[in-house]
Amino acid sequence: MPDPMKIRAAMAGDKVEVKVLMAHEMETGQRKGHPAWFIQNVTATCNGKTVLSAQWGPAVSKNPFLSFRFHGGKPGDKVTISWVDNHGEKRTDETTIS
Amino acid sequence: MQTIVRRMAAAAAFLFAVSGAAMAGDPPIRVVYHINESVQKAPAVLHNIANELDAEPNTKIVLVAHGPGIDFLLKGAKDPKGNPFTPEIETLGMRGVEFRVCNNTLKSRHIDRSRVVEDAKIVPSGVAEIAKLESQGYVYLKP
Numbered sequence: 001m002p003d004p005m006k007i008r009a010a011m012a013g014d015k016v017e018v019k020v021l022m023a024h025e026m027e028t029g030q031r032k033g034h035p036a037w038f039i040q041n042v043t044a045t046c047n048g049k050t051v052l053s054a055q056w057g058p059a060v061s062k063n064p065f066l067s068f069r070f071h072g073g074k075p076g077d078k079v080t081i082s083w084v085d086n087h088g089e090k091r092t093d094e095t096t097i098s
Numbered sequence: 001m002q003t004i005v006r007r008m009a010a011a012a013a014f015l016f017a018v019s020g021a022a023m024a025g026d027p028p029i030r031v032v033y034h035i036n037e038s039v040q041k042a043p044a045v046l047h048n049i050a051n052e053l054d055a056e057p058n059t060k061i062v063l064v065a066h067g068p069g070i071d072f073l074l075k076g077a078k079d080p081k082g083n084p085f086t087p088e089i090e091t092l093g094m095r096g097v098e099f100r101v102c103n104n105t106l107k108s109r110h111i112d113r114s115r116v117v118e119d120a121k122i123v124p125s126g127v128a129e130i131a132k133l134e135s136q137g138y139v140y141l142k143p
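The listed protein sequences correspond, in order, to chains A and B. Take the first sequence: its position 44, counting from 1, is numbered 44 in the working numbering, and each next residue is one higher. Take the second sequence: its position 110, counting from 1, is numbered 110 in the working numbering, and each next residue is one higher.
Worth flagging that the hints you see were computed from the coordinates, not collected in a lab. Heads up, a few of these hints could be off.
Quick list of in silico lysine-lysine cross-link-like pairs, DSSO-like style, CA-CA up to 30 angstroms [unchecked claim]:
1. A:15 with B:41
2. B:142 with A:15
3. B:78 with A:6
4. A:19 with B:78
5. A:78 with A:90
6. A:6 with A:19
7. B:78 with A:15
8. A:19 with B:142
9. B:75 with A:62
10. A:49 with A:19
11. B:60 with A:6
12. A:90 with A:15
13. B:107 with A:74
14. B:107 with A:62
15. A:62 with B:78
16. B:75 with A:19
17. A:19 with B:41
18. B:142 with B:107
19. A:19 with A:62
20. B:78 with A:90
21. B:81 with A:32
22. A:15 with B:132
23. B:60 with A:62
24. B:81 with A:19
25. B:107 with A:6
26. A:78 with B:78
27. A:74 with B:121
28. A:6 with B:75
29. A:6 with B:142
30. A:62 with B:132
31. A:74 with A:32
32. B:81 with A:6
33. B:81 with A:74
34. B:60 with A:19
35. B:121 with B:132
36. A:19 with B:121
37. A:78 with B:121
With the hints as constraints, model all of the structure from the sequences given.
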């Protein structure tokens, strides 16, 4: 089981600002003896509705930090972040907007 | 003679038990990082902090900046390679690091409070903050 993400979601004016810190090796596959191992898909939902969907590649750094803003959230709403890596490993964590 | 030896052994066993107990309930390490040098120095300090957290994830870290040391905590600040400090600061912030900026510096250098990044807190005096944290048991580190 991969390590949990750290997620913060807070109102910034009329938008919700989300900050996520993921724990992942993010190996490019270019190093000898280190096969490619990186997060490929990232999804963020707010109360079940997708607010961000991303396809990542090996260029993203180790232990990625992701920050984004979206409209339509309010304090108390649930923000859920999920990722899937190229090994099929998954991680989902959630937080409440403050 | 024998009783003395036995007593010493008992005392040693007692000491061992005490240090063992202290280890089990060790309070987390608390560190205050001090920076009063320009943006040239900041990347190394941030790197040191990240390394410390990698080695001891439960360490509580506060960074106190004053003088030229606050520059990297101003909005739009860039390191000597031209990269913004924001991702590094926010990443460390997510890992529990606190950034504190000296208000005396802001006043004397005529820097508006609004120019300080949101992840940093403004404290009345940088040096007083360091002294306060040290008196609370924080370990002083100046890379």
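Results for each hint:
1. A:15 with B:41: violated, 35 angstroms
2. B:142 with A:15: violated, 38 angstroms
3. B:78 with A:6: holds, 26 angstroms
4. A:19 with B:78: holds, 21 angstroms
5. A:78 with A:90: Distance of about 19 angstroms is within 30 angstroms: holds.
6. A:6 with A:19: Holds - the C-alpha atoms of residue 19 of chain A and residue 6 of chain A are around 8 angstroms apart, at most 30 angstroms.
7. B:78 with A:15: At roughly 26 angstroms apart (the allowed maximum being 30 angstroms), residue 15 of chain A and residue 78 of chain B satisfy the hint.
8. A:19 with B:142: holds, 29 angstroms
9. B:75 with A:62: Measuring from Cα to Cα gives roughly 25 angstroms; hence the hint holds.
10. A:49 with A:19: Roughly 18 angstroms separates the two Cα atoms, so the pair holds.
11. B:60 with A:6: holds, 16 angstroms
12. A:90 with A:15: It holds: about 28 angstroms lies between the C-alpha atoms, which stays within 30 angstroms.
13. B:107 with A:74: violated, 37 angstroms
14. B:107 with A:62: With a Cα-Cα distance of about 39 angstroms, the restraint between residue 107 of chain B and residue 62 of chain A is violated, given a limit of 30 angstroms.
15. A:62 with B:78: holds, 21 angstroms
16. B:75 with A:19: Holds, at about 18 angstroms.
17. A:19 with B:41: holds, 26 angstroms
18. B:142 with B:107: Holds, because 24 angstroms separates the two Cα atoms, which is no more than 30 angstroms.
19. A:19 with A:62: OK: residue 19 of chain A and residue 62 of chain A at ~16 angstroms, within 30 angstroms.
20. B:78 with A:90: violated, 35 angstroms
21. B:81 with A:32: Holds - the C-alpha atoms of residue 32 of chain A and residue 81 of chain B are around 28 angstroms apart, at most 30 angstroms.
22. A:15 with B:132: violated, 37 angstroms
23. B:60 with A:62: holds, 22 angstroms
24. B:81 with A:19: With a Cα-Cα distance of about 25 angstroms, the restraint between residue 81 of chain B and residue 19 of chain A holds, given a limit of 30 angstroms.
25. B:107 with A:6: With Cα atoms ~35 angstroms apart, residue 107 of chain B and residue 6 of chain A exceed 30 angstroms; violated.
26. A:78 with B:78: Violated, at roughly 34 angstroms.
27. A:74 with B:121: holds, 25 angstroms
28. A:6 with B:75: Holds: residue 6 of chain A and residue 75 of chain B sit about 24 angstroms apart, inside 30 angstroms.
29. A:6 with B:142: holds, 28 angstroms
30. A:62 with B:132: Violated. Residue 62 of chain A to residue 132 of chain B sits at ~36 angstroms, over the 30 angstroms cutoff.
31. A:74 with A:32: violated, 47 angstroms
32. B:81 with A:6: Holds, at about 28 angstroms.
33. B:81 with A:74: violated, 39 angstroms
34. B:60 with A:19: holds, 20 angstroms
35. B:121 with B:132: Measuring from Cα to Cα gives roughly 16 angstroms; hence the hint holds.
36. A:19 with B:121: Distance ~18 angstroms between residue 19 of chain A and residue 121 of chain B Cα, so the pair holds.
37. A:78 with B:121: Given that 30 angstroms is the threshold and the Cα spacing comes to 27 angstroms, the pair holds.
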